[in-house]
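J.: What follows is each chain in one-letter form.
Number of protein chains: 4
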Amino acid sequence: MEQPSIILRTVCPDRPGLVSQLTSWISNCGGNIKHSDHHTDQDAGLFLSRIEWSKSDLLINKAEINKEFEKIAIDINGQFNINYSDEIPNVGIFVSKQNHCLIDLLWRVRNGELKMKVPLIISNHPDLEDIAKDFDAKFFYINTSNRSKPNVEKQILTLLKDFDIELVVLAKYMQILSDSFLKNCSSIINIHHSFLPAFKGAQPYHRAWKRGVKLIGATAHYVTEDLDEGPIIEQCTVNVSHRDEVADLIRKGRDIERIALARAVRLHLNHQIFVYDSKTAVFD
Amino acid sequence: MEQPSIILRTVCPDRPGLVSQLTSWISNCGGNIKHSDHHTDQDAGLFLSRIEWSKSDLLINKAEINKEFEKIAIDINGQFNINYSDEIPNVGIFVSKQNHCLIDLLWRVRNGELKMKVPLIISNHPDLEDIAKDFDAKFFYINTSNRSKPNVEKQILTLLKDFDIELVVLAKYMQILSDSFLKNCSSIINIHHSFLPAFKGAQPYHRAWKRGVKLIGATAHYVTEDLDEGPIIEQCTVNVSHRDEVADLIRKGRDIERIALARAVRLHLNHQIFVYDSKTAVFD
Amino acid sequence: MEQPSIILRTVCPDRPGLVSQLTSWISNCGGNIKHSDHHTDQDAGLFLSRIEWSKSDLLINKAEINKEFEKIAIDINGQFNINYSDEIPNVGIFVSKQNHCLIDLLWRVRNGELKMKVPLIISNHPDLEDIAKDFDAKFFYINTSNRSKPNVEKQILTLLKDFDIELVVLAKYMQILSDSFLKNCSSIINIHHSFLPAFKGAQPYHRAWKRGVKLIGATAHYVTEDLDEGPIIEQCTVNVSHRDEVADLIRKGRDIERIALARAVRLHLNHQIFVYDSKTAVFD
Amino acid sequence: MEQPSIILRTVCPDRPGLVSQLTSWISNCGGNIKHSDHHTDQDAGLFLSRIEWSKSDLLINKAEINKEFEKIAIDINGQFNINYSDEIPNVGIFVSKQNHCLIDLLWRVRNGELKMKVPLIISNHPDLEDIAKDFDAKFFYINTSNRSKPNVEKQILTLLKDFDIELVVLAKYMQILSDSFLKNCSSIINIHHSFLPAFKGAQPYHRAWKRGVKLIGATAHYVTEDLDEGPIIEQCTVNVSHRDEVADLIRKGRDIERIALARAVRLHLNHQIFVYDSKTAVFD
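Protein chains in written order, with the numbering used here: chain E, 54 to 337; chain Y, 54 to 337; chain L, 54 to 337; chain W, 54 to 337.
Read the hints as simulated data drawn from the structure, not as lab findings. Don't take each hint at face value.
Pairs of lysine-lysine residues, derived as DSS-like cross-links and limited to a Cα-Cα distance of at most 27 Å, are as follows [unchecked claim]: (1) K170/W x K87/Y; (2) K168/E x K305/L; (3) K186/L x K150/E; (4) K186/E x K170/L; (5) K150/L x K186/E; (6) K332/E x K87/L; (7) K236/L x K253/L; (8) K108/Y x K124/Y; (9) K150/Y x K168/W; (10) K263/L x K236/L; (11) K150/Y x K207/Y; (12) K214/Y x K170/Y; (13) K186/Y x K191/W; (14) K168/L x K150/E; (15) K253/L x K332/W; (16) K305/L x K87/E; (17) K236/L x K87/E; (18) K207/E x K263/E; (19) K253/L x K253/W; (20) K305/W x K170/Y; (21) K168/Y x K186/Y; (22) K263/Y x K253/E; (23) K305/E x K263/L; (24) K305/Y x K332/E; (25) K253/E x K332/Y; (26) K305/W x K253/L; (27) K236/W x K263/L; (28) K120/L x K108/L; (29) K87/L x K124/Y; (30) K168/Y x K305/W; (31) K150/E x K170/L; (32) K186/L x K170/E; (33) K115/W x K191/W; (34) K124/Y x K191/Y.
Please read all numbers here as calculations on a predicted model, not as lab measurements.
Could you put the whole structure together from the sequences, leaning on the hints where they help?
T.: Right under this line is the structure:
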């Protein structure tokens, strides 16, 4: 029986001795470091550390580990997260009519590539209910056209709570979420179909085609109150030419949307992402 | 002795029989088609054709070929260009302080990769004069800080005329050209250090770094009156991460700037580009 | 009601006047050329032409078009194919245990991205039967371990005939087909999990990992009697590093396998591929 | 005045507590860690660590640092290298007739991108002497056709010693070096014009063209006794099509050769590469 990995992420003001302090503590815990990556953002004066370690003894007292590290966090004036590789989070996926990102994510879950459960799929269209059934997820069609946004979002927040959702993935969900919703929601990852910051907002493929770009992109990012301005996690591009119509851009774009979103979700699930200053540091 | 290729580019309203009409004419001229590529822009209702052909007989009467084809152009209500592979144009390169694009272009000319002559290099800084000397080009340092823009541009236009320049390449020329200059100048290709339309204007690498993008780009485009809005010819990208400082973006960017610019210039020299509707069709 | 496109592919010895001859014939047929691309392989002395055209009148007499063009083919000593965009071929997919390429292809068919029908899925393992059901394809599990290869292949050939299969796609089918099978079978496209010709044969990811390559690849190719030596249609690569274990190479590889295979199948279905001299010319 | 960085690379059998042990030592030295990256090769049971750190006090006693760390190395049964960012090594570049990699490297040195000096250029052809002059390097034309290989290599080894060369870069040097030469020489980086292990040996572009590949590559690697089998540092690829002749492959290849080689040399100079088991781990 393999022991779970313990993933410690720490952010604090930079100063000498930090790596030593963190790793000594792990060593004293009887831990063995599997991966360890540290970065100093000179500009921000911040130290970022991700250490993945395991314990050889059979019992891990999670509460105690947390309590112990809190002391260090206070000392270094830092923020931290401790996660465990055996904790498989519940993820809610929001969709509209397009199915490619949804199917791709669910397929990767089934194949063991993404360590998450998907008990809940929410859509403002009824089209993708069958896919939810195929993958044993509850599907909630919430018609947004005949109800007020606050009402709709209240229902969604209740569902997220009921299903104990820790991460929301917007897999081509063509609705804008309100600031108040975002404040009440856990992490949200979105896929935008352009290489942000180019073509923010609606119809990026149409505008890319009109502009005559020679490559199109897809950007996976955390959702914040500023639309399409959230911290970027992953970006992919693909070449296009004058022979490509808008429909070809949409078709080619689906492949990079799927891949960018899946990579971003995987990085999030593996606790490889730090968010600060409206940016991410991705430790891969 | 190899005969030069004749490159015929035609744009006209789409209708049946155009390829047949063009190629029959070439066939009647005793021509042999080496490459031929046609594209219909359904949206614009336009037919685009590029045919590269040669004649087996020794003499090519260029004036006559032109005159002959003009009749067809009138019939199809089209515009056309006829170029010859043995005509090597004079190209003027404008630079400021950075040398990488200049050296790269000159090196490719020397190695026979770019079929052009570079008799003239213009700069608003004196730094790169030695490079010009190494490659036997005249270097004109035109101080733009102590003179009016109209004065400066008048001098430049005179130089372009004196040196019989057919194409201007802005190889990291950090000055904005006025509308009146552009009206009086032949084709101008610029390299912008971002994947346009993202990060138009000044300091794209700094802004890309601040935005936390995961890839940076370079865009070679024709210069028009709207800054950074000209028809895009070529775009390249390279991955970056949180470990890259602005200086690293600048360093990595140099490689894709060089490549995007060189490719664009080559496509232009080979008469592979059509420009219309603020876009390019690149027949490669 | 849109008229179907007619796709004419011609290969013949190069000589002057060929494009004119082909397009005049189309013009005389009352055809309108939508796309047209011609290439001369100087080395082989061959002319390759692909013309996609349509007729404005309602009736297309396919037999007559074929008969008419045969005369030209004889005159130019050429080989040709005429296909119609409204003819949707039956495709048989062969799989073993891995599902990613199969699901990807079927999803693209359902979304209208690949114009083909998949009535038949054959496997040497029973694992993927459910997927076949989901997509309304017949699934035949043919145990290859307890029967002779000739027997197995005879059964497969009968199935291909019964289901009127025009193209076979090996979507991670981990069996080698005999020469006699290949002789009796229509076109076969395979996906090999390396950038051929590197890592021909078994376990390419393991060998790539051992060799310490910095990128891995996937190659879609037509199957010929020489294993992994068939004409290459499409190749994709993805970066890897020392942090990637063999399992990571396999995971990353799945994404490029899916994309390379889907692109190759699409190019085949659109009749964009010429095969000659153990190579392909892909007119995209 | 900025203090130089100290780069400590360590390889040893994996065991708990190693990161803590290394970083505690640095902390005790009064060091401040700038970058730190650790990797465990589970398969080989090896721990790899690269720590870049600086000291705030003005004096660094290099001999003492080395002596101090040796004690730890013995304790952990490890091998280590300590380098300093202010030590600029002498690099010898070997060329034949092609100039693109040579010019590219020298340009990057001049621009401060590669922290090295190039006092010595050796060639088996006289062609590139002028470039050496332009960049103030001594150029030795060593005719290999009229002398025995042992004689030639003896002369080269003497030159390497005389010029105090720490790294040799084969920038399109079209000669094979003997095993005895390699034994007597410091690190050697070569650029091979294929995505190894495909197209080992002579004329890779010609063979790639004949095979009909859809991408070509370039591989920078350390040179070992097995030709083209040395540890791979960096690989780049570029797309090609049936429209590309061998000459186009060579042209396109030059761009990726330059970039792959420059990246590899930079990684070496920054002490970011570990070599073991005929592979590299590149900490970037």
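J.: Confirm or reject each hint.
T.: Hint-by-hint comparison with the structure:
1. K170/W x K87/Y: violated (48 Å)
2. K168/E x K305/L: Satisfied, since the Cα-Cα distance of roughly 16 Å is no more than 27 Å.
3. K186/L x K150/E: Holds, at roughly 23 Å.
4. K186/E x K170/L: holds (24 Å)
5. K150/L x K186/E: Cα-Cα ~23 Å, so holds.
6. K332/E x K87/L: violated (46 Å)
7. K236/L x K253/L: This hinted pair holds, its Cα atoms lying about 22 Å apart.
8. K108/Y x K124/Y: holds (20 Å)
9. K150/Y x K168/W: With a Cα-Cα distance of about 21 Å, the restraint between K150/Y and K168/W holds, given a limit of 27 Å.
10. K263/L x K236/L: It is violated: about 36 Å lies between the C-alpha atoms, which goes past 27 Å.
11. K150/Y x K207/Y: holds (22 Å)
12. K214/Y x K170/Y: holds (15 Å)
13. K186/Y x K191/W: Judged against 27 Å, a Cα distance of about 22 Å means the pair holds.
14. K168/L x K150/E: holds (21 Å)
15. K253/L x K332/W: Status holds; Cα separation ~20 Å.
16. K305/L x K87/E: holds (21 Å)
17. K236/L x K87/E: violated (53 Å)
18. K207/E x K263/E: violated (39 Å)
19. K253/L x K253/W: Holds. K253/L to K253/W sits at ~14 Å (cutoff 27 Å).
20. K305/W x K170/Y: Within the cut-off at roughly 21 Å; holds.
21. K168/Y x K186/Y: With a Cα-Cα distance of about 20 Å, the restraint between K168/Y and K186/Y holds, given a limit of 27 Å.
22. K263/Y x K253/E: With a Cα-Cα distance of about 17 Å, the restraint between K263/Y and K253/E holds, given a limit of 27 Å.
23. K305/E x K263/L: The given pair, whose Cα atoms are some 33 Å apart, is violated under the 27 Å limit.
24. K305/Y x K332/E: Roughly 20 Å between the alpha carbons, so the hint for K305/Y and K332/E holds.
25. K253/E x K332/Y: Holds. K253/E to K332/Y sits at ~20 Å (cutoff 27 Å).
26. K305/W x K253/L: With a Cα-Cα distance of about 25 Å, the restraint between K305/W and K253/L holds, given a limit of 27 Å.
27. K236/W x K263/L: holds (24 Å)
28. K120/L x K108/L: holds (17 Å)
29. K87/L x K124/Y: holds (24 Å)
30. K168/Y x K305/W: Holds - the C-alpha atoms of K305/W and K168/Y are around 16 Å apart, at most 27 Å.
31. K150/E x K170/L: Answer holds: K150/E to K170/L is near 23 Å, not above 27 Å.
32. K186/L x K170/E: OK: K186/L and K170/E at ~24 Å, within 27 Å.
33. K115/W x K191/W: Measuring from Cα to Cα gives roughly 31 Å; hence the hint is violated.
34. K124/Y x K191/Y: violated (42 Å)
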